[in-house]
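Given the sequences, and given the hints that come with them, work out the whole structure.
Listed here are the chains, written in short residue letters.
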Amino acid sequence: MHLNSLTCHELVEMIKAQTVTAEEVVEHVFRRISEVEGKINAFISTFNESALDKAREIDEKIRRGESVGLLAGIPVAVKDNICTRGKLTTCGSKMLSNYIPPYNATVIEKIEAAGGIIIGKTNMDEFAMGNSTETSFFGCTRNPWDITRVPGGSSGGSAAALASDETILALGSDTGGSVRCPASFCSVVGLKPTYGLVSRYGLVSYANSLEQIGPMAKDVLDCAMLFTVIAGHDPRDGTSVPRRPCDYTKALNDEIKGVKVGVLKEFFAVGLDERVEKSVLNAVGILEDLGATCDGASISYLEYAVPTYYLIAMSEASSNLARFDGLRYGFTAKCEGDWNEVFSTTRGEGFGGEVKRRVLLGTFALSAGYYDRYYLKALKVRTLIKREFEKALSKFDVLVAPTMPILPFKIGEVIDDPLAMYMMDIDTVPVNLAGVPSISVPCGFVDGLPVGLQVIGGFFDEEMVLKVAYAFQEHTKFNLKKPEI
Amino acid sequence: MATGRDEGLDVKIGLEVHVQLTALKTKLFCGCSANYRGMPPNTLTCPICLGHPGTLPVLNRKAVEHAMMVALALNSSISRQMIFFRKNYFYVDLPKNFQISQYDKAGGVPLSTGGWVEFAVNGEKKKVRIRRIQLEEDPARLTYPGTITTSSYTLVDFNRAGVALLEIVTEPDMETPEEAYFFLQKLRSIVEHLGVSSENMQGSMRCDANISIKGGARVEIKNISSFRDVRRALQYEIIRQKQLLRRGGAAKQETRHWDEDRQITVSLRVKETESDYRYFPEPDLVPVKISEEWISEVASKMPELPDDRRERFTSDYGIPEYDATVLTSNKKIADFFEECCKLYPNPKKVANWIMSDLLRNINETGIDVAEMSITAEQFIDLLKMIDEELISGKIAKRVLREAIRTGRSPRKVVEDEGLLKISDEKMIAKIVDEVFHEFEGAVADAKRDRKAVNFLVGQVMRKTRGRADPEITNKVILSKLEEK
Numbered sequence: 000m001h002l003n004s005l006t007c008h009e010l011v012e013m014i015k016a017q018t019v020t021a022e023e024v025v026e027h028v029f030r031r032i033s034e035v036e037g038k039i040n041a042f043i044s045t046f047n048e049s050a051l052d053k054a055r056e057i058d059e060k061i062r063r064g065e066s067v068g069l070l071a072g073i074p075v076a077v078k079d080n081i082c083t084r085g086k087l088t089t090c091g092s093k094m095l096s097n098y099i100p101p102y103n104a105t106v107i108e109k110i111e112a113a114g115g116i117i118i119g120k121t122n123m124d125e126f127a128m129g130n131s132t133e134t135s136f137f138g139c140t141r142n143p144w145d146i147t148r149v150p151g152g153s154s155g156g157s158a159a160a161l162a163s164d165e166t167i168l169a170l171g172s173d174t175g176g177s178v179r180c181p182a183s184f185c186s187v188v189g190l191k192p193t194y195g196l197v198s199r200y201g202l203v204s205y206a207n208s209l210e211q212i213g214p215m216a217k218d219v220l221d222c223a224m225l226f227t228v229i230a231g232h233d234p235r236d237g238t239s240v241p242r243r244p245c246d247y248t249k250a251l252n253d254e255i256k257g258v259k260v261g262v263l264k265e266f267f268a269v270g271l272d273e274r275v276e277k278s279v280l281n282a283v284g285i286l287e288d289l290g291a292t293c294d295g296a297s298i299s300y301l302e303y304a305v306p307t308y309y310l311i312a313m314s315e316a317s318s319n320l321a322r323f324d325g326l327r328y329g330f331t332a333k334c335e336g337d338w339n340e341v342f343s344t345t346r347g348e349g350f351g352g353e354v355k356r357r358v359l360l361g362t363f364a365l366s367a368g369y370y371d372r373y374y375l376k377a378l379k380v381r382t383l384i385k386r387e388f389e390k391a392l393s394k395f396d397v398l399v400a401p402t403m404p405i406l407p408f409k410i411g412e413v414i415d416d417p418l419a420m421y422m423m424d425i426d427t428v429p430v431n432l433a434g435v436p437s438i439s440v441p442c443g444f445v446d447g448l449p450v451g452l453q454v455i456g457g458f459f460d461e462e463m464v465l466k467v468a469y470a471f472q473e474h475t476k477f478n479l480k481k482p483e484i
Numbered sequence: 000m001a002t003g004r005d006e007g008l009d010v011k012i013g014l015e016v017h018v019q020l021t022a023l024k025t026k027l028f029c030g031c032s033a034n035y036r037g038m039p040p041n042t043l044t045c046p047i048c049l050g051h052p053g054t055l056p057v058l059n060r061k062a063v064e065h066a067m068m069v070a071l072a073l074n075s076s077i078s079r080q081m082i083f084f085r086k087n088y089f090y091v092d093l094p095k096n097f098q099i100s101q102y103d104k105a106g107g108v109p110l111s112t113g114g115w116v117e118f119a120v121n122g123e124k125k126k127v128r129i130r131r132i133q134l135e136e137d138p139a140r141l142t143y144p145g146t147i148t149t150s151s152y153t154l155v156d157f158n159r160a161g162v163a164l165l166e167i168v169t170e171p172d173m174e175t176p177e178e179a180y181f182f183l184q185k186l187r188s189i190v191e192h193l194g195v196s197s198e199n200m201q202g203s204m205r206c207d208a209n210i211s212i213k214g215g216a217r218v219e220i221k222n223i224s225s226f227r228d229v230r231r232a233l234q235y236e237i238i239r240q241k242q243l244l245r246r247g248g249a250a251k252q253e254t255r256h257w258d259e260d261r262q263i264t265v266s267l268r269v270k271e272t273e274s275d276y277r278y279f280p281e282p283d284l285v286p287v288k289i290s291e292e293w294i295s296e297v298a299s300k301m302p303e304l305p306d307d308r309r310e311r312f313t314s315d316y317g318i319p320e321y322d323a324t325v326l327t328s329n330k331k332i333a334d335f336f337e338e339c340c341k342l343y344p345n346p347k348k349v350a351n352w353i354m355s356d357l358l359r360n361i362n363e364t365g366i367d368v369a370e371m372s373i374t375a376e377q378f379i380d381l382l383k384m385i386d387e388e389l390i391s392g393k394i395a396k397r398v399l400r401e402a403i404r405t406g407r408s409p410r411k412v413v414e415d416e417g418l419l420k421i422s423d424e425k426m427i428a429k430i431v432d433e434v435f436h437e438f439e440g441a442v443a444d445a446k447r448d449r450k451a452v453n454f455l456v457g458q459v460m461r462k463t464r465g466r467a468d469p470e471i472t473n474k475v476i477l478s479k480l481e482e483k
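Top to bottom, those sequences are chains D and F. No gaps in the numbering here: position 441 of the first sequence is 440 in numbering that gives the first Met the number 0, and each next residue is one more. No gaps in the numbering here: position 249 of the second sequence is 248 in numbering that gives the first Met the number 0, and each next residue is one more.
Note that these hints are calculated values from the structure, not bench results. Every residue gets a Cβ at the ideal spot worked out from N, C-alpha and C, and that includes glycine. Careful: at least some of the hints might be erroneous.
Unchecked claim - Covered stretches of chain F, going by a simulated chain D footprint (3 or more residues, C-beta under 8 Å):
#, region
1, 38-50
2, 54-66
3, 279-286
Given below as structure tokens:
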């Protein structure tokens with residue numbers, strides 16, 4: 000049996016019942032990694048030894064009859080912008096290609112406390128800036144469904160690792176769609192939680208006010224399990240919202256009769272691939288079959304969402320990434336001169352093209368004289384868009400839309416057209432601007448390429464989002480289809 | 000010297016004072032100890048104050064309360080929200096290459112706006128308006144081996160990075176370096192009385208000064224480390240700008256650096272345009288509401304301020320307002336005075352001795368009041384030695400000077416130097432005999448003219464180094480003259 004191809008909920012039962020050991024699970028995962036990594040390139044680093052040590056510890060605990068957590072013995076792949084103490088955390092950048100954090104992100108502590116085993120760090124667009132994983136300093140990750148195509152991004156490594164059974168669970172981060180886009184492109188499940196629900200402590204900031212760490216998994220139940228572990232208040236994150244802990248797996252049942260589903264009209268407009276449209280509308284039909292009441296919903300100002308998102312994200316990024324100067328950690332250019340010259344040369348050599356573009360544009364947008372015209376205006380539009388979502392979500396339990404307007408594209412096909420790249424985020428960025436939760440769940444295939452359905456819920460209503468996604472998945476079973484690698 | 004007002008020069012001085020909230024145990028946004036003085040460099044740091052990727056700031060609420068106390072004491076109106084902004088600029092002392100600070104534009108509000116400080120300059124009342132007060136993080140401490148302009152490398156100590164700092168900006172209401180000096184004295188006394196910042200810490204209060212003289216642009220002077228140097232730097236700047244005027248020129252807008260060793264200001268950079276700090280709201284810190292209740296709670300815990308203490312000193316101890324003002328201009332001195340008054344029944348005498356002798360000696364020796372080692376008990380012991388006629392007032396002054404200079408107790412000085420007063424009539428008579436023998440002419444004069452007696456008394460004093468009781472000496476000389 001290939002243990003690596005199973006799900007978290009299946010494996011946890013088996014490990015706890017001692018029909019398999021955590022050590023075996025980890026071994027299977029690493030065997031799979033060594034088999035397919037040459038083709039996929041999902042990982043930047045893997046931690047074979049420490050993972051096996053942890054697995055043996057868990058097994059020992061189980062043998063002694065001690066209590067183990069919700070994720071006992073389960074391998075978790077972590078996006079490389081989430082800090083792991085003593086282990087390389089590169090953000091897919093030359094700038095941090097040698098950076099070993101002295102501390103763990105809160106989510107890492109939580110996963111380890113729940114018995115999860117960090118097996119490695121996954122590839123990503125440099126500093127999470129991109130939706131194809133092509134901007135990584137460590138080379139592009141390939142889509143397991145077609146290795147000539149991108150896996151989506153920026154959490155492309157995490158999604159590809161799941162789709163190719165190189166891990167059981169994964170963490171991504173979603174600033175403008177970076178969990179949902181690769182989940183959609185790789186036919187896995189990815190949740191962007193309500194802003195403030197998962198601690199960002201230890202997530203290397205790209206755009207602080209927009210992003211959340213999100214669980215990624217092979218099915219909705221696994222996603223809910225990982226989410227249950229990582230969600231919750233963290234005093235180390237000032238934007239973290241105090242809420243009582245919640246077991247999100249309890250919400251899952253396939254009973255969605257009477258659930259009011261709003262189909263976001265504007266998300267089915269120009270730019271949407273007809274094949275994707277058909278697939279998503281078909282999914283809406285299935286939800287109706289399951290007893291949900293589906294109706295048209297509308298979000299105004301959608302045409303401003305992409306520019307608004309990029310203005311805010313780039314502005315925040317220009318400031319967040321200022322700390323990378325080579326003085327205290329990370330890459331330092333070999334350069335003689337005063338600190339100004341060293342900083343400039345280090346940043347010139349350490350950052351890739353897309354990062355520089357965003358830092359420059361963000362710096363411009365925050366400059367005196369432009370601040371009101373760009374940044375402040377973007378904040379105002381953001382408030383309007385947030386209100387639009389609140390309005391729509393007062394009428395519906397969830398809103399549905401395509402996750403991505405297109406199918407996974409060929410590696411190198413779009414990378415030289417930044418504007419076309421940015422426009423692909425049209426269906427995901429509005430959700431980050433609003434701060435509401437959203438999941439991408441597999442909803443079919445077109446010519447062998449995955450399509451994702453996006454289910455958006457009200458603030459802190461992850462239970463509803465997960466429930467609808469779960470009902471859809473249990474009825475369609477797209478999650479069970481595996482790529483041939 | 001530019002101590003008085005320069006008529007017609009239209010000197011305008013504004014200050015930007017940075018007050019470290021040294022009473023806080025931890026830094027503004029992380030749990031690191033804020034008590035970095037005397038610690039080896041870069042030992043009080045954590046991923047947060049080193050600006051490691053992925054770390055987030057968490058606001059120290061105590062810092063907000065201490066800041067609120069200062070705002071209340073300066074009559075400044077506290078904003079309803081605590082909003083932080085990022086001030087973006089690249090510099091080696093900023094771990095994140097931005098400083099978490101506050102901003103009064105673009106939807107931001109400082110901690111407080113408006114207010115004033117009233118203080119006395121040479122007996123005259125002066126009021127300086129406060130423009131705003133804001134809370135921010137201190138950058139790392141830079142050391143330039145040699146001087147800032149010649150050093151080939153810079154040492155960075157991140158122990159200071161992230162310590163809570165208040166920026167207090169005044170209106171350009173001061174007209175002389177003296178006024179700036181006394182403003183700072185008063186401000187320091189206030190923060191010390193509040194217990195939020197203590198003066199005996201190097202760099203706990205730092206000051207940048209802005210000065211403009213008729214016709215010239217605003218010049219900013221940075222890196223002034225003591226109040227005395229604020230006065231000196233401003234005096235220097237006034238002379239420099241006056242000379243520019245005399246030559247038909249005018250000061251240009253620039254930032255100058257106070258060179259403590261050479262006691263001059265040197266041009267650091269000429270400001271052609273306003274720096275663009277690209278301020279925007281700090282996304283990692285949600286605005287904190289400051290409720291009316293919170294303000295009154297903080298206000299209710301406020302300790303006595305210098306002005307109230309001055310009033311109390313005049314009413315409780317019956318000392319003149321001038322004395323009370325001088326004594327309360329430094330918390331340690333005010334505390335010292337009160338301790339002394341508990342041990343001694345004559346407050347006016349205590350005040351006189353503190354003001355005319357203790358403070359003068361401290362100033363002359365260049366010792367900081369904070370480092371003064373004499374205790375109230377020792378000081379009162381000295382006054383009691385006078386009362387008990389063990390030493391004369393004149394000797395006491397000498398003893399005090401010596402005690403302050405060497406750190407010995409006054410009694411120890413008296414013992415070591417054998418300064419006890421000679422009141423033994425026989426011993427004095429012996430010395431008078433010696434003097435009479437040496438100065439026969441003077442004795443003859445004194446018999447005719449009583450005024451010449453003083454000369455003979457002086458000679459006895461010379462021989463006893465001032466220890467002979469003057470009254471007894473006088474009596475003995477007169478009776479011996481009678482005998483002759």
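(request) Establish whether the coverage given for the region 54-66 of chain F by chain D is satisfied; the threshold is a Cβ-Cβ distance below 8 Å, and no fewer than three residues must meet it. (result) holds (count 5)
(request) Test coverage of the region 38-50 of chain F by chain D using CB-CB distances below 8 Å; three residues minimum. (result) holds (count 3)
(message) Please verify the coverage claim for the region 279-286 of chain F: does it have three or more residues whose C-beta sits within 8 Å of some C-beta in chain D?
(response) holds (count 5)
Comparing the model with each earlier hint shows no violations; every hint is respected.
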